[in-house]
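Q: Chains W and Z are the protein sequences, given in the same order. In terms of the numbering used here, the first sequence opens at residue 1 and continues consecutively. In terms of the numbering used here, the second sequence opens at residue 198 and continues consecutively.
Hints are computed from structural coordinates only; laboratory data are not their basis. Virtual Cβ for every residue (Gly too), placed ideally from N, Cα, C. It is possible that some hints are incorrect.
[What the hints assert, rightly or not] Covered by chain Z, according to a simulated footprint, are these stretches of chain W (three or more residues, beta-carbon under 8 Å):
1. 27-39
2. 62-72
3. 86-92
[What the hints assert, rightly or not] Some residues of chain W that are not near chain Z, with every Cβ distance over 12 Å (derived):
4. Gly18
5. Lys101
6. Thr106
7. Asn161
8. Met182
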Amino acid sequence: MRMRPEPPSGDAFTLHKGRMHEAEGRGRRTFALFQALRHLGPLVWILPSHAPEMPMLRGLPRGVGERLHLLRPAGEADLLWCVEEALRTVPVSLVVAEPEKPLSLTAGRRLQLAAEAGGTTGLILIRQDAGCNATETRWACEPLASTGADSTLHHWILTKNKKGTFGSWMVNWNGASAAFHMVSETRERYEPAEPPR
Amino acid sequence: MALADARAICPELATRPADLARESTALANLRRWAGRYGPMVGTDGVDGLMADISGVPHLFGGEEDLRDDLQARLERAGLAAVSAIAGTRGAAHALARHGGGIVAEGRLAEGIGRLPVTALRVDQDTAEALARMGLSRIADLIPLPRAPLARRFGRGLVLRLDQALGAQAEPVAAEPEAPHFGVRMTLPDPIGLQSDVMAGLSRLLDRLCDKLAVHRKGARRVRLELRRVDRGTVQVEIGLARPMRDPKRIAALFAKGVDEIDSSFGIDALRLSAPLTEAMAPEQTGGGPALRHDDALADLLSSLGNRIGFDRVLRLLPAESLIPERSFVLSPAAYTIPEPAPHRAGTRRPITLFPPEHVAAACGTPPASFRWRRMRFTTLRATGPERITPEWWFDDPAWRSGLRDYWRIETTEGPRLWLFLTPQAQGWSGPEAQNWYVQGEFA
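Construct the complete structure from the given sequences, taking the supplied hints into account.
A: In structure tokens:
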């Protein structure tokens, strides 16, 4: 049956293959590019044709630009059809889509099934609170101001997870290579201190 | 005569530049049609056709009837043409350019003797030299001794004379027909079911793909024309992301188009053609997983392109420009191959780029705080400026404001933005105000 437990993934940011995921917040495109680096193989990025924001080739991480296929369908129905078709294609590794409207339950479920059929990973970049129930995980991504001059901080919060726990990470990723650093947040301690030995 | 001289004589002269490409296409079409008068038809210069009609005239009732038939048909088509029939190619060429007619069997010398020597396909210098010698007609040349003629005017003249008189063989060189990639099928009874059309299509596709394989070609566009019983025609056309001749994969792309057609009272003829083909070398079947993945990706691009349009399935290609908008081009993925991005040098670039948006309430250089998209941002750190000058050889309306000084602004709110200032442009509210715009967002 399909309900076998999946093997534990490599680290916190690994997206399950054959599943749909969602990312929201200002840093969602950064998160999508971070995931693009971790998926080897052809990438498909689907934007509405009138979207002003375009990926800029010279700013993309190394090796992503030549694998990227950009689709600009004219309407919402075409966009969803493109997502489904791309998810069903086996060699595609990651499909990133930016729909205008929140996905309906039917659309979300269809995309989930398509991802399962093709064994591809889908990442939907959504507006705030426009998520769909069928998604496997949902990430809230925000860029963070950093005190150091050479660090680019990101705050990635896992707000929904069907097969695991939630989490919140501060990550220093410079947007060029796959390497990243976890940053521990400074905070006031609320648990009692360890007794001195 | 030069055009200027002609205009001087007749000021109302209407002139039109020659369209050589269309003329040669028209001649090629006429050559295909002329195949009804003989199996071997070749072009003769840029304005003539030469057909070998050996053994054909009796089918038309004799040479004269054949020529009448040809002239009548050309006249009906609106073409003014002169035709001639002779025993040799040279004689027919000469006669057709000097009035036309028929030279009877074995009377070549009498038939073309009255024509000027220029009719012999000799070059201008030889013709002038002959005229200086007083040899103006072909009949003057025939009785002359060959050796002095060849020594004086070159072997070319003697060769042309021999060819015209039949002493030297000269076959009609018909160029091979360009392969035509089209197959058709007519049905005894009309069909209307989608499955029937698809079955007919798959039979046609097998034949078309065999033909493509013989010529080592792959189709880039495939067109299916369906003729209905009421004489209406429906057409379904698909594009392919790369040259292909696999019947099953092409048939899959037709499924949507066939689903949408209106068959009304039924379809009784199918015609399948490949209007656009490209060279495609034979490839080994059942290749490794890499080949299968390439095929699957090409199929995806084909089906996406057929639904949303091939100009919307894009790829980012690097371009040689420092202007951010022109540092990459969006080109159709079906007609390009991926190129690796050039080595990254210089300052960082944003991950997303959008048309410049005006920033409000900016003061200072770089601005200490500003408003953009109804949000207030405070600058934490600014890197720059990087000055980019417009490319003077292009007149880009977006760059008419002159130089741009680009800054990477890290805000305390989080977003890292790409702002620029146009120092050469006058501000909206006065000469003191500054024009700040946002054009991109960094990772």
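Q: Hints first: check each against the structure and report whether it holds.
A: Evaluation of the provided hints:
no.	hint	in the structure
1	27-39	holds (count 4)
2	62-72	holds (count 9)
3	86-92	holds (count 5)
4	Gly18	16 Å, holds
5	Lys101	18 Å, holds
6	Thr106	20 Å, holds
7	Asn161	24 Å, holds
8	Met182	17 Å, holds
Going down the numbered hints, you'll see the structure goes against none, and every one checks out.
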